[in-house]
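Asks: Could you put together the complete structure from these sequences and hints?
Those letters in the sequence shown? Residues 1 to 626, per the UniProt record's numbering, in order.
One or more hints might be untrue.
Unchecked claim - Taking lysine-lysine and the PhoX-like style, the derived pairs with C-alpha atoms no more than 25 angstroms apart in a straight line are: (1) LYS624 <-> LYS57; (2) LYS70 <-> LYS109; (3) LYS252 <-> LYS531; (4) LYS475 <-> LYS293; (5) LYS203 <-> LYS108; (6) LYS450 <-> LYS502; (7) LYS568 <-> LYS277; (8) LYS200 <-> LYS108; (9) LYS406 <-> LYS624; (10) LYS70 <-> LYS57; (11) LYS531 <-> LYS57; (12) LYS278 <-> LYS306; (13) LYS415 <-> LYS452; (14) LYS531 <-> LYS568; (15) LYS414 <-> LYS506.
Don't read these hints as lab results, they were simulated from the structure.
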Amino acid sequence: MFILLCLLLGAAMTFAVVREFSPQLKGWRLGIAYLWYTVMLNGVTLLVIRFGLHKTKYVQQIFGHPSMMKLINYVLFALGLMCVYLVIRYIGRKSKFGFVAEPRALSKKQISSYAVVSLFIAAGLFISVGAVWFLTTFGKITPEQLAFQLNSTTDGADTSVTDSLWNGPIVLLVIATMTGIRLLWGNWSLKAVKWHVSAKWVKGMILALLVSIVGAGLYYAAHELRVTSLYRSIWTSSEYVKDNYVDPDKTKLKFPEQKRNLVHIYLESYENSYLAKKDGGNMDTNLMPDLQKLSEEGVHFSDSTKFGGPEQTYGSSWSVAGMVNMSAGLPLKVSTQNAYGKEGSFLPGATNMGDILAAQGYNQTVMFGADADFGGLTTYYKTHGDHKIYDYSYARANGKIPTNYKEFWGFEDKKLYQYAQEELTELAAQPEPFSFVMENADTHFPNGYKEKGMAEPFDQQYANVIFHSQAEVTKFVRWIQSQPFYENTTIVLTGDHLSMDKKFFKDFDPSYHRTTFNLILNGTQEDTKMKTTNRQYASFDYFPTILSNMGVDIKGDRLRLGTDLSSKTPTLLERDGVDYFNREMERKSPFYETEFVSEEGHESHVMIPQVENFNNTYGHILPKKK
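Replies: Okay, structure coming up:
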């Protein structure tokens, strides 16, 4: 219905303009004019309503299922803008100053040249507008994260991010591109009272202006998205991983006679900045009072004498990468040889926590309120330890929630903790030790998920969500501590990465050093005299540290790139510094590609593609994926 209205409005404007100003237009030129006025009238109308009236979701709503009143209002608004345009054109025709389009025929050489420049303008504007949207939405995320998301599967992603792309940037891109191309192909001259600028000079000025705008946009995109880092990852190489790698398959790991259970809770975007300034945070009011109190009962590692945490190093700045770092002791380096889960393998050569515990007879479950296919996590956890995947799809297929249920990324954390209690109770009833991994999601950007009825003591929604979420996390941990199995269970809580909620952090002190939250409860190293403050470390150091706190003796204190923080062995960052480490990680690692990414020799860690796996498992209950 809306598309039909757009076409009719375009026809009305074309008729009015051609009749009054361009009666000579016939044939294909009239068709081009119709396309131009249809796109421009509707595009400008959408942009004025979206940005001028601050209707942030208007574009998405009008293209969805708009009410009749919304459609009527849109038509009236568009007609109003059309009238304004016609009046301006009429005044311009009477004026002694303005642009004049002069008819002329183009040679084949000119057509070819204009076509090439048009492609440059279109591509440049696409990259420029895309970069502005990307940086506005995500902030300065790392190039490897961008490359990973482009290369891996996004099934199950929250739609609010892609919705923001439709609500303005795409329309703006279309209008900007068409305007630039229209200016380029038109034969414009400039008239004034006593002088006249020829079409040749005007064409040169227009071309220079367009190239300058697009060039500036491309420079901005390249600088802000750190294209030089991508260049280094493709064209320069490093042996750092190979030289500092400790193979878990060749390292003696001695488990205790009574193997301890593991509960690892990944906390979405949890960082120490949410704490009060006096405790190492950056808040006037503590947003995590319950977690801070809980921390008094365990061990947390800090880069300072107050609350702190690891450096966010290369390949660890998003959820999937954070999990890989902490469970495999490796940064997640983007590879052209593997789509990370999409085709059925995810670091098949990297023996990780799941593989080690599976070999020790552990029952393993991983739980998400989102679709585990996002970012290839189904493949990662199925091919490394054969975890039971309890995610959004599992919950729908097994009657925990209706098949059409969708809150935020899937189902909200309130349900997540309820299902986690049920799953933990079942795991604890088995004779084998267990590993239970989960990640919450309510604190995901933008703004987090506002649970119905939650307290809202702060002005910003994200602050309220953090405050509520940390209380619910603490409540869940307290429940675990009250269970009989807790005595033989190590609990690990780690922020998966720094928050990407740009709006919340826009007024942060730029000199404040942001770090993710961490806490180990009931670990076996609590009574040792370990150094927990003024440590320089990365999230991959948690890999051996977690095993150590499960009572596992690790010969040499190191696994992969990670170092047991409970030991006296210095970490790679303490030895080499974070800047040097990051520079080396940015470079291509042939060893990483052949040892961890390649499927050759690691066929046991390969499964069928995720889409096929989903359709085979849930296709008889849920809509099939394509």
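Asks: Holds or violated: LYS200 and LYS108, Cα atoms, limit 25 angstroms.
Replies: holds (18 angstroms)
Asks: CA of LYS252 to CA of LYS531, is that 25 angstroms or under?
Replies: holds (24 angstroms)
Asks: Take a quick look at whether LYS414 and LYS506 sit within 25 angstroms of each other, Cα to Cα.
Replies: violated (29 angstroms)
Asks: Could you grab the alpha-carbon distance between LYS70 and LYS109 and see if it respects the 25 angstroms cut-off?
Replies: Roughly 48 angstroms separates the two Cα atoms, so the pair is violated.
Asks: Is it true that the CA of LYS531 sits at most 25 angstroms from the CA of LYS57?
Replies: Violated, because 50 angstroms separates the two Cα atoms, which is more than 25 angstroms.
Asks: Between the alpha carbons of LYS70 and LYS57, is the straight-line distance 25 angstroms or under?
Replies: holds (13 angstroms)
Asks: Does LYS203 pair with LYS108 here, judged by a C-alpha cut-off of 25 angstroms?
Replies: With a Cα-Cα distance of about 18 angstroms, the restraint between LYS203 and LYS108 holds, given a limit of 25 angstroms.
Asks: Are the Cα atoms of LYS568 and LYS277 separated by 25 angstroms or less?
Replies: Violated. LYS568 to LYS277 sits at ~30 angstroms, over the 25 angstroms cutoff.
Asks: Hinted pair, alpha-carbon criterion (25 angstroms max): LYS406, LYS624. Please report holds or violated.
Replies: holds (17 angstroms)
Asks: Between the alpha carbons of LYS624 and LYS57, is the straight-line distance 25 angstroms or under?
Replies: violated (29 angstroms)
Asks: Is LYS415 within 25 angstroms of LYS452, Cα to Cα?
Replies: holds (13 angstroms)
Asks: Sort out whether LYS568 lies within 25 angstroms of LYS531, counting only the CA atoms.
Replies: The given pair, whose Cα atoms are some 8 angstroms apart, holds under the 25 angstroms limit.
Checked against the numbered hints given earlier, this structure breaks hints 1, 2, 7, 11 and 15; the rest are met.
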